[in-house]
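Given the sequences, and given the hints that come with them, work out the whole structure.
First to last, the sequence lines map onto chains A and B.
1 is the number of the first residue of the first sequence in the working numbering; add one for each residue after it.
1 is the number of the first residue of the second sequence in the working numbering; add one for each residue after it.
Honestly, the hints are just simulated from the structure, not real lab data.
Nothing here was measured: the structure is a model prediction, and the numbers come from that model.
Glycine residues also receive a C-beta, built at the ideal position from the N, C-alpha and C atoms.
There are no misleading hints in this set.
Covered by chain B, per the in silico footprint, the following chain A stretches (three or more residues, Cβ under 8 Å):
id : segment
1  : 215 to 228
2  : 260 to 268
Subject to a maximum C-alpha distance of 30 Å in a straight line, what follows is the list of computed BS3-like cross-link-like pairs (lysine-lysine):
id : chain 1 : residue 1 : chain 2 : residue 2
3  : A       : Lys68     : A       : Lys209
4  : B       : Lys323    : A       : Lys231
5  : A       : Lys315    : B       : Lys231
6  : A       : Lys100    : A       : Lys209
7  : A       : Lys151    : A       : Lys100
8  : A       : Lys224    : B       : Lys224
9  : B       : Lys323    : B       : Lys50
10 : A       : Lys151    : B       : Lys68
11 : B       : Lys100    : B       : Lys151
12 : A       : Lys209    : A       : Lys335
13 : B       : Lys100    : B       : Lys224
14 : A       : Lys335    : A       : Lys322
15 : B       : Lys322    : A       : Lys231
16 : A       : Lys323    : B       : Lys224
17 : A       : Lys151    : B       : Lys57
18 : A       : Lys331    : A       : Lys315
19 : B       : Lys226    : A       : Lys224
20 : B       : Lys209    : A       : Lys57
21 : A       : Lys68     : B       : Lys156
22 : B       : Lys323    : A       : Lys151
23 : B       : Lys231    : A       : Lys50
24 : B       : Lys322    : A       : Lys226
25 : B       : Lys323    : B       : Lys57
26 : A       : Lys209    : A       : Lys151
Cβ pair distances, simulated, as ranges:
id : chain 1 : residue 1 : chain 2 : residue 2 : range
27 : B       : Lys68     : A       : Pro35     : 28 to 36 Å
28 : B       : Ile246    : A       : Arg168    : 43 to 51 Å
29 : B       : Asp230    : A       : Phe166    : 43 to 51 Å
30 : A       : Ala161    : B       : Gly62     : 34 to 42 Å
31 : A       : Val286    : B       : Asn121    : 40 to 48 Å
Listed here are the chains, written in short residue letters.
Number of protein chains: 2
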Amino acid sequence: MTHFVRFSGGSQRLIAACVLFIFLACQTAAAATYPATVLPSWNDSATKSKIIDFVQKVTDEGGAEYVKPEERIAVFDNDGTLWTEQPAYVQLVYLIDRIKTLAPQHPEWKTRQPFKGILENDMRAVAATGNVGLMEIEHAADAGLTTDEFKQNVTKWLDTARDPRFRRPYTELVYQPMLELLSYLRANGFKTYIVSGGGTDFMRPWAEKTYGIPPEQVIGSTDKVKFEIDKNGHAQLIKQGVINFIDDGDSKPVAINRYIGRMPLLAFGNSDGDLPMLQYVSSGTVPNLVLYLHHDDAGREYAYDRKSSFGKLDKGLDEATKKGWPVVSMKSDWKTVFPEPQAK
Amino acid sequence: MTHFVRFSGGSQRLIAACVLFIFLACQTAAAATYPATVLPSWNDSATKSKIIDFVQKVTDEGGAEYVKPEERIAVFDNDGTLWTEQPAYVQLVYLIDRIKTLAPQHPEWKTRQPFKGILENDMRAVAATGNVGLMEIEHAADAGLTTDEFKQNVTKWLDTARDPRFRRPYTELVYQPMLELLSYLRANGFKTYIVSGGGTDFMRPWAEKTYGIPPEQVIGSTDKVKFEIDKNGHAQLIKQGVINFIDDGDSKPVAINRYIGRMPLLAFGNSDGDLPMLQYVSSGTVPNLVLYLHHDDAGREYAYDRKSSFGKLDKGLDEATKKGWPVVSMKSDWKTVFPEPQAK
Chain A
1 MTHFVRFSGG SQRLIAACVL FIFLACQTAA AATYPATVLP SWNDSATKSK
51 IIDFVQKVTD EGGAEYVKPE ERIAVFDNDG TLWTEQPAYV QLVYLIDRIK
101 TLAPQHPEWK TRQPFKGILE NDMRAVAATG NVGLMEIEHA ADAGLTTDEF
151 KQNVTKWLDT ARDPRFRRPY TELVYQPMLE LLSYLRANGF KTYIVSGGGT
201 DFMRPWAEKT YGIPPEQVIG STDKVKFEID KNGHAQLIKQ GVINFIDDGD
251 SKPVAINRYI GRMPLLAFGN SDGDLPMLQY VSSGTVPNLV LYLHHDDAGR
301 EYAYDRKSSF GKLDKGLDEA TKKGWPVVSM KSDWKTVFPE PQAK
Chain B
1 MTHFVRFSGG SQRLIAACVL FIFLACQTAA AATYPATVLP SWNDSATKSK
51 IIDFVQKVTD EGGAEYVKPE ERIAVFDNDG TLWTEQPAYV QLVYLIDRIK
101 TLAPQHPEWK TRQPFKGILE NDMRAVAATG NVGLMEIEHA ADAGLTTDEF
151 KQNVTKWLDT ARDPRFRRPY TELVYQPMLE LLSYLRANGF KTYIVSGGGT
201 DFMRPWAEKT YGIPPEQVIG STDKVKFEID KNGHAQLIKQ GVINFIDDGD
251 SKPVAINRYI GRMPLLAFGN SDGDLPMLQY VSSGTVPNLV LYLHHDDAGR
301 EYAYDRKSSF GKLDKGLDEA TKKGWPVVSM KSDWKTVFPE PQAK
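Structure, rendered in structure tokens:
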């Protein structure tokens, strides 16, 4: 009874064609649930589906995994996740340029590291001074500025500074697919946050215009600042040029708790500095999606693959694979990397 | 020609009556611009007018002092500004109760200050141990708890704890006129923040339900916390019971810059711990309104007048008068102080 009908070769081909047709129709139907306007710079990959499925799930009011809008928090690393971090962190380039600008007033820097190294473009000598050197640079660059003056300096610098490879303003070397993801999440009621090792004060002057992320949703490393009333009775905050908090590694989940106080639903990072934040979010009792950006596109951006920007082996990629966090391949998941240059 | 018409006595009275009528009509017209539903628990005083005028001014799109919604930030102290801080800070009462709860596991506390003082209700002895004692209490009460456990403890405690004078839950000893002001500001596009010396972790579990202020808009003092992955691979944050940042005095403007990064338009405080925050906001280049709550109502709440809760002379009241910041009198500006008791 198992073979009560026998097909001819022609019928078999017909059936195979029908099966294929049904299969393709289903594929099309599945794809059709995502309008072309959603994440247009993302290829129609499993990663894109996972993002959209997750957002649909937590915003589906009748669904089991529905999350109220006020609890929809998404956190993003900045350097290497929202904008390029190669060949050097943009903030480091800013500091170097600032030291060069101030150098004429400091003849003693010609013979003193790490300043000598900066003035002679000898980055090996600068790196050799380690964290102590970095702190001296920070202090020399910013101590004594009011928070307003610092903001103006950053804004002015970004207006003219250009990336050496792409010859574009740094604020144009942000990732177009990530800009779309930020907008898509906000359109679905999410509050989008930056949680970055970069300086809070350095990111805020441009994050709103560039990412649509307002100052109060930018969390980063902070300096000590001092409250002062000047001789005209005007209250102001003076940067001390001394680090208060480094928002990297284990400090990222600490900062999420300290600043936000809710468990995010979505976290996106790209390096070991983000790993604790990703582990934290993936341990939440709320539905969550944790994503890991893989820099594997030397042609359009950079391929540092399994090495973080400091040349250390990246553990995050292993953990992502182990935990099943979607690893976003810049090369295969993204149609474009950077946005179109802005008209002048 | 100056006296071409001479009035009889009757005519003069008629004119006086007309003038009075017009005057009253104008008064009524002015009052009519504020519907009765706006700040209903506030008396129709100059203070109320200043608040409403300010909000109308910064939300008037055609006006010279219009401020875009995303830039409308208002900051409020908590203890003594949004809820009662007498006879002791609520958080201190929590800590005392917590020590009493834990005491059976710590027989050594019977002979050791500040614990001995707490167990014997000898607050003078506790106070004598000063900040060092307070830090010991904090450590004994909270060290080792996960942030989630701490949140549960606070929530559970607030459910049963009652204020000794009013016999009500502490979350009902919030000021009704201030609840209305918070709602009124939010209805006009403001983001309302708490900037308090109290613990961030202590306020967040109830601030959203009580004030409509979400966790990410609660800024306070913070503890050190440690990121940890437990033996089940679950990431969590452990409170160290050690103070990280005290959000009081000069630290309040520092916190506003660190957490919010925009200059608030409105600030409301009630003590010298708030003064730098008020000075900072009043120095902003954006339109601003700075208010000072004066506790002068012993019958309905407390009258500590020119003395802050620690018995020091209050400089803020002088500065408010000097700078023309509206001083809100609890006694004469507020129709009611506390909200109606909630139905069980």
